[in-house]
Amino acid sequence: MTTIALPTTAAPVASGHRLRWMFADILTVTWRNLLALTRTPEALFFSTLQPIMFVLLFAYVFGGAIHIPGLKYIDFLMPGIFVQTVSFGAVSTAVGLSEDLHKGLIERFRALPMARSAVLAGRTTADLARNVFVVALITAVGYAVGFRIGTNVGLFLCGALLVLAYSYALGWGFATIGLSASNAETAQVMVFPILFPFTFASSAFVPVGSMPGWLQAFAKNQPVSQVVSAARSLMVVGPVHDSNAVWISLAWIFGFLIVLAPVAVRKYRRVA
Amino acid sequence: MSNNSTYAVEAHDLVKVFPRGKVRALDGVSLHVEEGTILGLLGPNGAGKTTAVRILSTILNPDSGRASILGHDVVKEAQTVRQIIGLAGQYAAVDENLTGRENIRMVGRLSHMSWKASGVRATELLENFGLSDAGDRVLKTYSGGMRRRLDLAAALVARPPVLFLDEPTTGLDPQSRQDLWVVIENLVAGGTTVLLTTQYLEEADRLARNIIVVDHGRVIAEGTPAELKANLGTSVVSITLSDDETVQKAAGLVASLSDKEPTIDHNVVELTVENGPQVGAEVLRTLDAAGVSIAGLALREPSLDDVFLSLTGHKSEVETEGEAAAESKKGKPKHARARGPESDADGRDAA
Numbered sequence: 001m002t003t004i005a006l007p008t009t010a011a012p013v014a015s016g017h018r019l020r021w022m023f024a025d026i027l028t029v030t031w032r033n034l035l036a037l038t039r040t041p042e043a044l045f046f047s048t049l050q051p052i053m054f055v056l057l058f059a060y061v062f063g064g065a066i067h068i069p070g071l072k073y074i075d076f077l078m079p080g081i082f083v084q085t086v087s088f089g090a091v092s093t094a095v096g097l098s099e100d101l102h103k104g105l106i107e108r109f110r111a112l113p114m115a116r117s118a119v120l121a122g123r124t125t126a127d128l129a130r131n132v133f134v135v136a137l138i139t140a141v142g143y144a145v146g147f148r149i150g151t152n153v154g155l156f157l158c159g160a161l162l163v164l165a166y167s168y169a170l171g172w173g174f175a176t177i178g179l180s181a182s183n184a185e186t187a188q189v190m191v192f193p194i195l196f197p198f199t200f201a202s203s204a205f206v207p208v209g210s211m212p213g214w215l216q217a218f219a220k221n222q223p224v225s226q227v228v229s230a231a232r233s234l235m236v237v238g239p240v241h242d243s244n245a246v247w248i249s250l251a252w253i254f255g256f257l258i259v260l261a262p263v264a265v266r267k268y269r270r271v272a
Numbered sequence: 001m002s003n004n005s006t007y008a009v010e011a012h013d014l015v016k017v018f019p020r021g022k023v024r025a026l027d028g029v030s031l032h033v034e035e036g037t038i039l040g041l042l043g044p045n046g047a048g049k050t051t052a053v054r055i056l057s058t059i060l061n062p063d064s065g066r067a068s069i070l071g072h073d074v075v076k077e078a079q080t081v082r083q084i085i086g087l088a089g090q091y092a093a094v095d096e097n098l099t100g101r102e103n104i105r106m107v108g109r110l111s112h113m114s115w116k117a118s119g120v121r122a123t124e125l126l127e128n129f130g131l132s133d134a135g136d137r138v139l140k141t142y143s144g145g146m147r148r149r150l151d152l153a154a155a156l157v158a159r160p161p162v163l164f165l166d167e168p169t170t171g172l173d174p175q176s177r178q179d180l181w182v183v184i185e186n187l188v189a190g191g192t193t194v195l196l197t198t199q200y201l202e203e204a205d206r207l208a209r210n211i212i213v214v215d216h217g218r219v220i221a222e223g224t225p226a227e228l229k230a231n232l233g234t235s236v237v238s239i240t241l242s243d244d245e246t247v248q249k250a251a252g253l254v255a256s257l258s259d260k261e262p263t264i265d266h267n268v269v270e271l272t273v274e275n276g277p278q279v280g281a282e283v284l285r286t287l288d289a290a291g292v293s294i295a296g297l298a299l300r301e302p303s304l305d306d307v308f309l310s311l312t313g314h315k316s317e318v319e320t321e322g323e324a325a326a327e328s329k330k331g332k333p334k335h336a337r338a339r340g341p342e343s344d345a346d347g348r349d350a351a
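Those protein sequences? They're chains A and B, same order as listed. Just so we're aligned: 132 in this note's numbering is position 132 of the first sequence, and the numbers increase by one with no gaps anywhere. Just so we're aligned: 71 in this note's numbering is position 71 of the second sequence, and the numbers increase by one with no gaps anywhere.
No wet-lab data here; the hints were simulated from the structure. Glycine included, C-beta positions come from ideal geometry on N, C-alpha and C. The reader is advised that the hints may include incorrect statements.
As the list claims (entries may be wrong) - Capping the alpha-carbon separation at 30 Å, the derived lysine-lysine pairs in DSSO-like fashion look like this:
{"id": "1", "chain 1": "A", "residue 1": "Lys103", "chain 2": "B", "residue 2": "Lys116"}
{"id": "2", "chain 1": "B", "residue 1": "Lys22", "chain 2": "A", "residue 2": "Lys103"}
{"id": "3", "chain 1": "B", "residue 1": "Lys249", "chain 2": "B", "residue 2": "Lys229"}
Said to hold, decoys possible - Far from chain A, some chain B residues (derived; all Cβ distances over 12 Å):
{"id": "4", "residue": "Ser57"}
{"id": "5", "residue": "Leu110"}
{"id": "6", "residue": "Ser114"}
{"id": "7", "residue": "Asp133"}
{"id": "8", "residue": "Pro160"}
{"id": "9", "residue": "Ser176"}
{"id": "10", "residue": "Val183"}
{"id": "11", "residue": "Leu187"}
{"id": "12", "residue": "Asp205"}
{"id": "13", "residue": "Arg206"}
{"id": "14", "residue": "Asp243"}
{"id": "15", "residue": "Ser256"}
{"id": "16", "residue": "Gln278"}
{"id": "17", "residue": "Gly280"}
{"id": "18", "residue": "Asp288"}
{"id": "19", "residue": "Ala295"}
Starting from the given sequences, assemble the full structure and let the hints guide the process.
As structure tokens, this is what we get:
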């Protein structure tokens with residue numbers, strides 16, 4: 001078989017360069033996703049308004065009815081709000097990928113010599129960047145309504161990092177949902193039945209002890225409660241202090257990543 | 001295999017079955033494109049054109065058969081192939097939220113050009129495609145024609161020697177279509193090899209050196225445009241009769257005016273001929289002399305339908321389920337088929 005020499009622009013990529021290009025590709029896709037985000041400022045505005053509403057709603061409407069021994073409710077609440085906010089933010093991972101898929105953009109990506117993982121990693125990374133912004137904003141809103149860091153800034157940042165790492169790991173699961181949904185609207189409605197029970201049947205907004213016994217077993221041990229407890233112990237430290245939760249949360253985060261990322265990549269390879 | 005060195009694109013016996021629709025989207029398609037030429041892949045919706053392009057551009061793996069681009073296997077050397085091809089699709093795969101320049105730069109970066117080089121190339125391409133003024137506008141503000149041009153520009157960022165264009169002008173107005181044709185011709189003049197799919201005979205005729213006609217995943221004809229046309233005749237005389245009952249009689253009367261059999265559809269008789277105007281006049285005289293009254297007489301260029309009718313004896317059919325499913329899965333709008341109303345192969349074949 002005669003092989004025609006490739007033009008100079010298509011020099012074969014040495015394997016050492018492959019890793020470098022993979023990161024470059026992830027960066028390019030992240031750049032593109034963040035650019036798109038700035039092009040729809042109204043979407044960004046309303047998606048940040050929602051967690052602010054949650055803070056105000058729980059602080060002023062429900063908060064009065066919930067008593068946490070030895071802790072101001074707003075201090076109990078804020079770590080829960082962080083986790084809830086980044087979890088709901090994962091919706092955009094699913095919706096964004098679904099849009100890319102159905103608008104034919106992924107089709108173009110697949111015919112380019114880019115790293116196969118970059119479309120997914122670029123999406124989850126862009127969503128992580130957005131979550132960093134939202135968590136900072138919510139912290140400011142929390143401060144305005146009386147939230148105070150109970151430990152120190154370093155531990156608080158560790159707590160925030162933990163929450164963000166959790167959101168990143170979760171994003172890979174939602175990427176799979178986005179690639180499975182028949183369109184972006186379906187992707188959006190598919191994620192909430194998964195998010196709601198985990199977010200609300202948790203220690204995010206109320207003490208688990210107030211729930212019926214059968215529910216407590218689930219609410220105590222599911223990942224959202226673990227991450228909330230971990231964030232709470234790092235950010236606030238009070239009677240709910242639970243250092244085990246930090247390790248259990250880290251285990252959940254790594255577990256999610258190890259399982260969900262390959263599943264998403266596999267799904268990506270299959271949706272042609 | 002020593003005789004393949006002049007072919008930029010080669011495919012042998014490609015088969016692809018979509019399990020959901022149990023449809024053989026490709027049922028043994030072989031093709032080759034000479035370097036620096038355009039091959040037109042002609043066929044109706046669902047004929048397998050898009051599936052062929054997706055396999056050749058490494059998006060989809062064939063169930064069997066093999067294909068290579070400039071000697072590189074599309075399955076085994078997919079990543080190499082991706083460095084030497086450009087793909088522009090029917091449903092302009094561009095990012096709505098990005099500007100024209102950003103779209104081109106993104107593709108440039110993902111084709112592993114430096115940031116700076118991709119910027120220089122973007123400016124150059126925007127200028128070449130008459131998009132300089134629109135380059136920094138978000139794509140949402142672009143017209144359909146501008147979007148197609150940008151889509152094509154993005155496919156050219158890395159100067160690929162082989163280009164796949166999947167129905168590049170479908171849905172465009174005549175002027176935009178003409179403009180795009182000129183762009184494609186210039187590319188080929190510069191040495192690019194193009195595989196172009198289309199539903200329009202006119203487009204294939206204008207651009208392609210060779211044409212392959214596919215139907216139901218099979219190649220049903222191939223040759224130069226001139227060869228296919230010679231096969232087909234150059235114009236169609238369409239006679240609409242005032243009365244359904246006289247159709248058979250009229251068809252019998254005019255049959256001798258063409259060396260192809262006339263086709264009948266309800267009260268319309270059609271003749272494919274070399275010299276349309278002359279035959280048209282002859283038809284009038286013949287029918288008038290026989291006392292058959294007609295409601296209309298028209299001359300037209302052969303359409304894709306005529307090609308199909310001539311080649312297969314049936315009109316181009318509805319898109320097959322497999323590709324329809326695959327397309328709706330991608331959220332593609334189902335546009336009008338390239339053919340008239342209810343196809344009734346048997347009815348058309350009478351006479």
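The hints, checked one at a time:
1. A:Lys103 with B:Lys116: holds, 28 Å
2. B:Lys22 with A:Lys103: Holds - the C-alpha atoms of A:Lys103 and B:Lys22 are around 25 Å apart, at most 30 Å.
3. B:Lys249 with B:Lys229: Cα-Cα ~29 Å, so holds.
4. Ser57: violated, 4 Å
5. Leu110: With a cut-off of 12 Å, B:Leu110 comes too close to chain A, as the shortest Cβ separation is near 4 Å.
6. Ser114: Given a closest Cβ separation of 10 Å, the condition is violated.
7. Asp133: holds, 19 Å
8. Pro160: Given a closest Cβ separation of 8 Å, the condition is violated.
9. Ser176: About 19 Å separates B:Ser176 from the closest Cβ of chain A, which puts it past 12 Å; holds.
10. Val183: holds, 19 Å
11. Leu187: Given that every Cβ of chain A is farther than 12 Å from that of B:Leu187, nearest at about 15 Å, it holds.
12. Asp205: holds, 28 Å
13. Arg206: For B:Arg206, whose nearest Cβ neighbour in chain A is about 26 Å away, the distance exceeds 12 Å, so it holds.
14. Asp243: Label holds. Min Cβ-Cβ 50 Å, cutoff 12 Å.
15. Ser256: Consistent with the label, B:Ser256 stays out of reach of chain A, its closest Cβ about 51 Å off (over 12 Å).
16. Gln278: Its Cβ never comes within 12 Å of chain A, the nearest being 48 Å, so this holds.
17. Gly280: holds, 45 Å
18. Asp288: holds, 55 Å
19. Ala295: holds, 45 Å
Violated hints for the displayed structure, listed by number in ascending order: 4, 5, 6, 8.
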